[in-house]
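**Student:** Spelled out from the first residue to the last, the chains are:
Protein chains: 2
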Amino acid sequence: MLEPYIEYMHIKDAVKETGFVVPAGEGDGHIEEILRRFAKKEGARILSVEPHLKVFTGLKDLEKDDTGTTKMGKFVYPDNLASFAEACTACHALAEKAQPVRYGIIGVGNMGSSHFNYYFEGQLQEMRLVAVADTDPVRLEMVKDQLDNILCFNTAEELMDSGTCDAVIIAVPHYFHPIYTMYALNKGLHVMTEKPAGVYTKKVREANEFAAKSDKVYAIMYNQRTNCIYRKLRELVQGGEFGEIKRVNWIITNWYRTQAYYNSGGWRATWAGEGGGVLLNQCPHNLDLWQWICGMPNKIQAFCHEGKWHDIEVEDDVTIYAEYPNGATGVFITSTGDAPGTNRLEITMDKGHIVCENNKLRLYKLDVSTKEHCATSPNGFGSPKGVWSDVETDGWNPQHVGVLNAFAANILRGEPLVGRGEEGISGLTISNAAHLSSWLGRPVELPLDEDLFYNKLQEKIANSKAKKEIKDAVAQNMADSFGN
Amino acid sequence: MLEPYIEYMHIKDAVKETGFVVPAGEGDGHIEEILRRFAKKEGARILSVEPHLKVFTGLKDLEKDDTGTTKMGKFVYPDNLASFAEACTACHALAEKAQPVRYGIIGVGNMGSSHFNYYFEGQLQEMRLVAVADTDPVRLEMVKDQLDNILCFNTAEELMDSGTCDAVIIAVPHYFHPIYTMYALNKGLHVMTEKPAGVYTKKVREANEFAAKSDKVYAIMYNQRTNCIYRKLRELVQGGEFGEIKRVNWIITNWYRTQAYYNSGGWRATWAGEGGGVLLNQCPHNLDLWQWICGMPNKIQAFCHEGKWHDIEVEDDVTIYAEYPNGATGVFITSTGDAPGTNRLEITMDKGHIVCENNKLRLYKLDVSTKEHCATSPNGFGSPKGVWSDVETDGWNPQHVGVLNAFAANILRGEPLVGRGEEGISGLTISNAAHLSSWLGRPVELPLDEDLFYNKLQEKIANSKAKKEIKDAVAQNMADSFGN
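Here the protein sequences come in this chain order: A and B. Numbering of the first sequence is given in this note's numbering, commencing with residue 13 and proceeding in unit increments. Numbering of the second sequence is given in this note's numbering, commencing with residue 13 and proceeding in unit increments.
No wet-lab data here; the hints were simulated from the structure. Source: prediction; values computed, not measured. Any given hint might turn out to be false.
Same chains, same names: a pair is fine if it fits in one copy or spans any two.
Restricting the straight-line Cα-Cα distance to at most 20 Å, the calculated cross-link-like pairs of lysine to aspartate or glutamate (DMTMM-like) are [said to hold, decoys possible]:
#1 Lys-228 - Asp-160
#2 Lys-468 - Glu-457
#3 Lys-228 - Asp-173
#4 Lys-199 - Asp-173
#5 Lys-228 - Asp-402
#6 Lys-472 - Asp-406
#7 Lys-320 - Glu-335
#8 Lys-383 - Asp-323
#9 Lys-244 - Asp-402
#10 Lys-472 - Asp-362
#11 Lys-28 - Glu-221
#12 Lys-472 - Glu-462
#13 Lys-383 - Glu-325
Please put together the full structure from these sequences, using the hints given.
**Tutor:** Below, the structure written as structure tokens:
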């Protein structure tokens, strides 16, 4: 309650159980958290250390309790210098640990603005926003209006060159994701890239290989992985209790978009600017969840319809048929032209069947494996018995904030990420394979022929009639519309 | 209540409104229906005509009412001969009209037995079962145990040659359907064939052309068309209120079958005996409903997995992708290996969206066409508004009995059939196209290359490892396992 008014603090730390006084940060006083919160305030922070930490005459009387001992335990020093040195060491360690991740947002358009707001609303305890970059001065002005001391840069490169950040969030058009990822890692910055990891796996593989040689954290904004429904679903499917997957059907069409949406950004829905339509823009989360929950298919045949519901050159209606190494099959249907649209995912396994719809999980648990029942039942028509139930989840769904807090915790303490950047290539592989299969009119086997996809994409760009300015080849100089 | 005890009836007929006495069958006495029910009793029926129908002396006194007139109206005859002749004509006409359709069942296996039961339970008012044919004497014996006077034949041909029936129900393995259809029509018999109309459209087309030259009724057992849910769905989709179809997805996997099922009949699940698996056996209704509700696609790509869940040589797992002339797309997923399985059909239209699941229809009615909203809304993300509602139906779902009663009514009075036999080719075309596409590993355009499908099917039969005895080429001599 009084937090906003604090200007000065006198810190002592102790262990509650024993009552021993200890150097700051080694006790139960939550000194690290207190310092971290204090550090988030505007302006420089100062920690001073008192020079009289030797056990002085009279301390015994001051500190002794009923047992006649002092509570200094092992922390009794021979002289002032020794105790002062110990206190300084403790303070340094604390300050180091309490330091939030200083980060910059590259691109404060739709997604970048949301990232700004998560910070501004105080939801990111271990991150401090110090800089933003955008090619649009109006957007920079809007940020500055809200946060006085923020550093503003006109290009992504200037921000990354500035040495003011420990990490960056990349929230610019897709083509730039792997490019800026590599640029940032090269500058010793941790990276959180927005999805998709890129437009084509050839480039994302390059970024992944680059990241493998870096000691910095490379993460991807797979915020849907934080959804309790999908986490629980993955746990059920991968837990093994229900046996192998037989079939997965996902109809995900509840993201209707108007023509105005596609007209809103110059890079949108063009081969040169975005590199695809619904697969690259709306679906990356779902393509990731699909493989995160069910594993990667080994064969894809897709039917992508370009400009079917909108005046755009890229696909806005897709049906993907997939086959898995174990023989299972899958169908993934998406579009930005359906209203009200459907989001229904069903997964059939040997001993269970799960339907995920309307933010609910319904599980049919079979008493016996279908495979076994098939082989042993003398009855021709009887289905193996089972029971339907509603599946409970932990209800936790922190989305972007959860991903960013995990990112900071990973940087600071090595805690697990929600999505490692390297994993971004999996969903993108499905996306690229779907495009390629549709363009070729035949099934595409995985691993994907990444060069073939790249070449076909370049043909699409070359034959594009859309008057768009962004070209991948000159991306670093042409960051003139990112953030839209 | 007294119906079973009636041995003799004295018939008079009159018009209620005017009170006029009229020749039997021309009044409101339901004489035709009474005679029809009377005729259903075992043994020969006799109609006799009284010879004293002249207006006799004293009739005036007997019949006159308060107005002083008789109620004989125009039916006053000059002499006995004239009135007797008139009465005989009326009785003949009545007897002709009241005559139920005499029919035979070819094959009293699974489906044929059900057909027998519908009759035995008295659900078919306008049909009289007079004969059955089956190659299995045990089955014939079972029928005879229940119906003393029934004629039993050891082959379909003997029954059709016997001249005892007006119509036949063909309930034998699929290959025989078009063959017996033509045989029956050639013998002047009306035909109700079980689904599917045949195994390959080339043969069914032959039957259709044969039927076109016949004046007999050719019908198909599309009993699911009588289901109020599907009738209502068709009405909603074809009514035009919701604009064009954009997408249709049908997951229909709730017909789990065990290995024992496939082992139960020698012809089952073989290329030679059945000509396919789930597409030919479980799906014909749904493939028909699909086209009946949504129209015919013009392009099919399918993925049929043979012997995936069972030890059979034909497909038991199928995913069909379809495209329609207007650009709409469809997916149809089926299998006999899933438990508990799903039956969920959703149809997306320009101004409406319908979900059919758990015997319920849910409709989302949009206030404005998606096409129009897309073009005119200044908002990028807003979906057009609409309202969900549960759709009411008439609740009528007479299934096989409904189809058979309509069949009789069509024969007797030209009332509409539930399914014309000629329509059977549509669903089968989708089925054949799905097989062909899967075998070729590429999309198949419609109209189907029927010769190509036929040749590929013959290859499948030739390469079959299943030891089955039925061959299409010798079908008429090899009817040794129909009825299984």
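**Student:** Look at each hint and say if it fits the structure.
**Tutor:** Tested hints:
Taking the closest pair of Cα atoms, Lys-228 and Asp-160 never come within 20 Å of each other, the shortest separation being 29 Å inside a single copy and 90 Å across copies. Proximity of Lys-468 and Glu-457 under a CA criterion of 20 Å is satisfied intra-copy only: 16 Å inside one chain copy versus 26 Å between copies. In this assembly of identical chains, the alpha carbons of Lys-228 and Asp-173 lie at most 20 Å apart only when taken from the same copy (16 Å versus 88 Å across copies). Proximity of Lys-199 and Asp-173 under a CA criterion of 20 Å is satisfied intra-copy only: 7 Å inside one chain copy versus 92 Å between copies.
Within a single copy, Lys-228 and Asp-402 get their C-alpha atoms no closer than 42 Å, and across copies no closer than 55 Å, so neither meets the 20 Å cut-off. Proximity of Lys-472 and Asp-406 under a CA criterion of 20 Å is satisfied in neither setting, with 45 Å inside one chain copy and 53 Å between copies. Proximity of Lys-320 to Glu-335 under the C-alpha cut-off of 20 Å is restricted to the inter-copy arrangement: shortest distance 13 Å between copies versus 26 Å within a copy. Taking CA atoms no more than 20 Å apart as the test, Lys-383 paired with Asp-323 passes between copies only; the shortest distance there is 11 Å, against 48 Å inside one copy.
Only within a single protomer do Lys-244 and Asp-402 lie at most 20 Å apart by alpha-carbon distance; the minimum there is 12 Å, versus 31 Å between protomers. For the homomeric pair Lys-472 and Asp-362, neither the shortest alpha-carbon distance inside one copy (42 Å) nor that between copies (30 Å) is at most 20 Å. Taking identical chains as interchangeable, the C-alpha atoms of Lys-28 and Glu-221 are never at most 20 Å apart, the minima being 48 Å within one chain and 95 Å between chains. Taking the shortest Cα distances, Lys-472 and Glu-462 sit within 20 Å of each other inside one copy (15 Å), while across copies they are farther apart (37 Å).
For the homomeric pair Lys-383 and Glu-325, the shortest alpha-carbon distance between copies (17 Å) is at most 20 Å, but the shortest distance inside one copy (46 Å) is not.
Violated hints, in rising order: 1, 5, 6, 10 and 11; the structure is consistent with all others.
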